[in-house]
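Construct the entire structure; sequences and hints are all you get.
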Amino acid sequence: MGLAEILGVLTGERFAQRALLGGLILAVAAAPLGVFLVMRRMSLTVDAVGHAILPGAAGAALLGGGATWIVSAGAAATGAGVFALAGWASRWLRLPEDAGFAVFYLAALSAGVVLAGMGGGIDLDRLLFGAILALDDAALTLCAVAAAVSLAGMAGLYRTLLYDTLDPDFLPRRAASVVRALFFALLAVVTVASFHALGALMAVGLTILPAIAARFMAGSVPGMMAAAALAGALGVGGGLALSIATDAPAGAAIVLALTAVALLAALVGPRGSIYARRIVAGAVP
Amino acid sequence: MSDALAFEALSCGHGRQPVIRGLSGVLGRGQTVALTGANGSGKSTVLATLAGQLAPVAGLVVRSGTVGYLPQAIALNRDVPVTARTFAAMGLWNELGPLGRTGPSHRRRIDAALEAVGLEKLADRTVATLSGGEFRRLCIARVLLPDPDILLLDEPLAALDADGIALVMDCLAGWAAAGRCVVASVHEAAAAARFGRRLHLADAQAIWMDSPARSGLHVIQGLAG
Numbered sequence: 316m317g318l319a320e321i322l323g324v325l326t327g328e329r330f331a332q333r334a335l336l337g338g339l340i341l342a343v344a345a346a347p348l349g350v351f352l353v354m355r356r357m358s359l360t361v362d363a364v365g366h367a368i369l370p371g372a373a374g375a376a377l378l379g380g381g382a383t384w385i386v387s388a389g390a391a392a393t394g395a396g397v398f399a400l401a402g403w404a405s406r407w408l409r410l411p412e413d414a415g416f417a418v419f420y421l422a423a424l425s426a427g428v429v430l431a432g433m434g435g436g437i438d439l440d441r442l443l444f445g446a447i448l449a450l451d452d453a454a455l456t457l458c459a460v461a462a463a464v465s466l467a468g469m470a471g472l473y474r475t476l477l478y479d480t481l482d483p484d485f486l487p488r489r490a491a492s493v494v495r496a497l498f499f500a501l502l503a504v505v506t507v508a509s510f511h512a513l514g515a516l517m518a519v520g521l522t523i524l525p526a527i528a529a530r531f532m533a534g535s536v537p538g539m540m541a542a543a544a545l546a547g548a549l550g551v552g553g554g555l556a557l558s559i560a561t562d563a564p565a566g567a568a569i570v571l572a573l574t575a576v577a578l579l580a581a582l583v584g585p586r587g588s589i590y591a592r593r594i595v596a597g598a599v600p
Numbered sequence: 244m245s246d247a248l249a250f251e252a253l254s255c256g257h258g259r260q261p262v263i264r265g266l267s268g269v270l271g272r273g274q275t276v277a278l279t280g281a282n283g284s285g286k287s288t289v290l291a292t293l294a295g296q297l298a299p300v301a302g303l304v305v306r307s308g309t310v311g312y313l314p315q316a317i318a319l320n321r322d323v324p325v326t327a328r329t330f331a332a333m334g335l336w337n338e339l340g341p342l343g344r345t346g347p348s349h350r351r352r353i354d355a356a357l358e359a360v361g362l363e364k365l366a367d368r369t370v371a372t373l374s375g376g377e378f379r380r381l382c383i384a385r386v387l388l389p390d391p392d393i394l395l396l397d398e399p400l401a402a403l404d405a406d407g408i409a410l411v412m413d414c415l416a417g418w419a420a421a422g423r424c425v426v427a428s429v430h431e432a433a434a435a436a437r438f439g440r441r442l443h444l445a446d447a448q449a450i451w452m453d454s455p456a457r458s459g460l461h462v463i464q465g466l467a468g
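So the sequences go chain by chain: A and B.
Numbering of the first sequence is given in the numbering used here, commencing with residue 316 and proceeding in unit increments.
Numbering of the second sequence is given in the numbering used here, commencing with residue 244 and proceeding in unit increments.
One should not assume that every hint holds.
Sample of chain B residues facing chain A (criterion: CB under 7 Å; computed from the structure) [unchecked claim]: (1) I317; (2) D322; (3) V323; (4) M333; (5) P341; (6) T345.
Some, not all, of what chain B presents toward chain A, calculated at C-beta under 10 Å [stated by the list, open to error]: (7) L319; (8) N320; (9) P324; (10) T326; (11) W336; (12) A366; (13) V370.
Beyond 10 Å from chain A on every Cβ pair, some chain B residues (computed) [to be verified]: (14) D246; (15) E251; (16) V262; (17) G283; (18) V304; (19) S307; (20) E358; (21) L365; (22) I408; (23) L410; (24) A433; (25) A447; (26) W451.
Calculated directly from the structure, the hints in this document are not laboratory data.
Values in this document were obtained by computation on a predicted structure and should not be read as measured data.
Just so it is clear, CB atoms sit at the ideal spot from N, CA and C, and this is done for glycine as well.
Structure follows, in C-alpha cells:
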C-alpha cells in the first residue's frame, strides 16, 4: 500500500477519521499530565491506573451491557477505588507505596480478566487493547470532555503543581495533598477516556511516551507540554498509518509509533539527546 | 525596640522526647542571633520549632510578625527545568496563591531579591545548573522575597565560599538594620562572632553566651560597616 493510499484511507474513511480525531484529542489532553508524571518520577506508578480501571469496566459491561457511558463509569469507580485503597493499605500495613500499588493493580488486572470471562459478549481484547478504529459518538464525546477538563484543570493547577514537583516540602501540607489529589483525578479522567481507544494496557502509553519524548525537545515546562502534544499527535497519526498499511492492531501500532517518536527524540532531539550531547561535548552544559 | 519573637520554657523535639529543654528568650526587631552547637545538638529542631514547623514538646513561642524559614536541606527536583527567577518567585506563594497574576511590582521584587544574594546575572539560568552555593543563595532569596519580619535560617552559610559568606552576612546585617529579627544556625566561629547575640546548645540545654546588652543596632551597624 502506497503512502498516498494510506493517507487516502486516513482522511477519507469515516472510521479512520474518527480514530484520528479521537487520538489527536487524547494526545493533547494527556500531554500536560504526562510531563508532570515524568518529572514527578511516576511513569510506572501511573501504569497502575490503567490496570486499576479494568475490573470496573469489565464489571459494568457484565452487569449493564457494553454501553460506553456505563463502562466508563465502572472504570472510573474502580480506578479511584484501587488508588485510594492502595494508598491507605500502604500506610496501614507500612508497606512502601509502590509495593501497595503492585499488589492492588495486579489484583485489579486479574479480577478484570476473571470478570470479563464470566459474561457472554464481553470482548477481553477490546478491554485490554481498546478499539480506536470503532470509537462511537459517546466515546468521542468523552474524549473531548476529558480534554477540556484536563486542559482547564491543568491551567488552574499549574503553579501549585509546579511548586510541589520542584520542591515537595514547599507547600503547606494541606495545599500539597489537595493539589496531588486533583492531579490524580485529572489523570483518572483522561485515562478512562483513553481506555476506549487504547484499552487498559495501552492507555497510559499516550500519556507517558510523548512526555518522555518532550524531555529531549524543549527546555521549559510549558515548552515540554507543547512538545508532548506534538509528539503524541505524531505517534497517533503514524500509528494509524502503520495499522492501515499493515493491518496491525491499531492500539499497539500507535503505542509502537509513540515509542519510535520517543526514541527518535532521545537520539536527535535538541535538548540533552545523544546527538545534542555530542555537539556540546567538552563545552560547559 | 519592639519584640519580634519570644519563647518561654520551650522544650523542642520530634515526638514526645525533647532534644532541648527550658529554652527562654525575647528577641527584638533589629537583632541578629547566632545559634551554635555541635552536630546533633538540636539547632535544626529549635529553628523548626521557632518557625512553627514543629510543635513544641512543652512551652510557648510567640511570634509578632510573619516568619521566613530556611530549612537545612531543600529537596530540589532537578528534572524540573525552571529558571532561578521562577524558583525565587515561589516566595510569593502566600501573596499570589495558585492563580494570582505576577505583576511588574512582583517582578521588581524578584529581581531585587536575586540581586541581594548576588544572583542577578544568573536569573535566567536553569536551577539544576547552579552550583551548591549558588542554589543555597537562591533559597535565601526565596525566603527573603515575602519580606518576613522574622527570619529563621538553618545553616544559611553551608556550601558557601568566602565571598558567598561575606555577601550573605552583609545581607543578614542589612535585614536586621531594616528592623527584622534574624536567627541563624552557624558553624563557623568567625561568622558566629559577627552576630549580635549567640545562643549555644549543648547537653540538651541552651545557654545565652553574650549579654543581651551587646545586641542592638550599634552592633548591627558595626557589622554592616
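Structure-based check of all given hints:
1. For B/I317, the interface hint holds, the least distance from its beta-carbon to any beta-carbon of chain A being 6 Å, beneath 7 Å.
2. The beta carbon of B/D322 is positioned within 7 Å of a beta carbon in chain A (closest approach about 5 Å), and the interface hint is therefore held.
3. Interface hint status for B/V323: upheld, as the beta-carbon distance to the closest one in chain A is roughly 5 Å, under 7 Å.
4. For B/M333, the interface hint holds, the least distance from its beta-carbon to any beta-carbon of chain A being 5 Å, beneath 7 Å.
5. At a threshold of 7 Å, the smallest CB-CB gap from B/P341 to chain A is about 5 Å, leaving the interface hint in force.
6. The criterion of a C-beta within 7 Å of any C-beta in chain A is not met by B/T345, whose closest approach is roughly 9 Å, and the hint is violated.
7. A distance limit of 10 Å between C-beta atoms decides the matter here; for B/L319 the minimum to chain A is near 6 Å, and the interface restraint holds.
8. Because the beta carbon of B/N320 sits about 6 Å from the nearest beta carbon in chain A, less than 10 Å, this interface hint is met.
9. At a threshold of 10 Å, the smallest CB-CB gap from B/P324 to chain A is about 5 Å, leaving the interface hint in force.
10. Taking 10 Å as the C-beta contact cut-off toward chain A, the hint placing B/T326 at the interface holds, the least distance being around 8 Å.
11. Interface restraint check for B/W336: the shortest CB-CB distance to chain A comes to about 7 Å, inside 10 Å, so the restraint holds.
12. Checking B/A366 against chain A by beta carbon gives a least distance of about 14 Å; that is not within 10 Å, so the hint is violated.
13. Because the smallest distance between the Cβ of B/V370 and any Cβ of chain A comes to about 8 Å, under 10 Å, the interface hint for this residue holds.
14. Every CB of chain A is more than 10 Å from the CB of B/D246 (nearest about 26 Å), matching its label as outside the interface.
15. Distance check for B/E251 against chain A: the nearest CB is about 26 Å away, which clears 10 Å, and the non-interface claim stands.
16. Consistency note on B/V262: stated as away from chain A, and its beta-carbon is indeed over 10 Å from all of that chain's, at 20 Å minimum.
17. No beta-carbon of chain A comes within 10 Å of the beta-carbon of B/G283; the shortest separation is about 21 Å.
18. Separation of B/V304 from chain A is adequate, the least Cβ-Cβ distance of about 18 Å exceeding the 10 Å criterion.
19. Once the 10 Å rule is applied to beta carbons, B/S307 is consistent with being away from chain A; the minimum gap is 21 Å.
20. The claim that B/E358 lies off the interface holds: its Cβ sits roughly 22 Å from the closest Cβ of chain A, which is beyond the 10 Å cut-off.
21. No beta-carbon of chain A comes within 10 Å of the beta-carbon of B/L365; the shortest separation is about 13 Å.
22. No beta-carbon of chain A comes within 10 Å of the beta-carbon of B/I408; the shortest separation is about 24 Å.
23. Residue-level check passed: B/L410 sits 23 Å from the nearest beta carbon of chain A, beyond 10 Å.
24. With 10 Å as the threshold on Cβ separation, the claim that B/A433 sits away from chain A holds: the shortest Cβ distance comes to roughly 31 Å.
25. Here B/A447 stays apart from chain A, with its beta-carbon at least about 27 Å from theirs, past the 10 Å limit.
26. No Cβ of chain A comes within 10 Å of the Cβ of B/W451; the nearest lies about 31 Å off, and the non-interface call holds.
Hint violations for this structure: numbers 6 and 12, all remaining hints satisfied.
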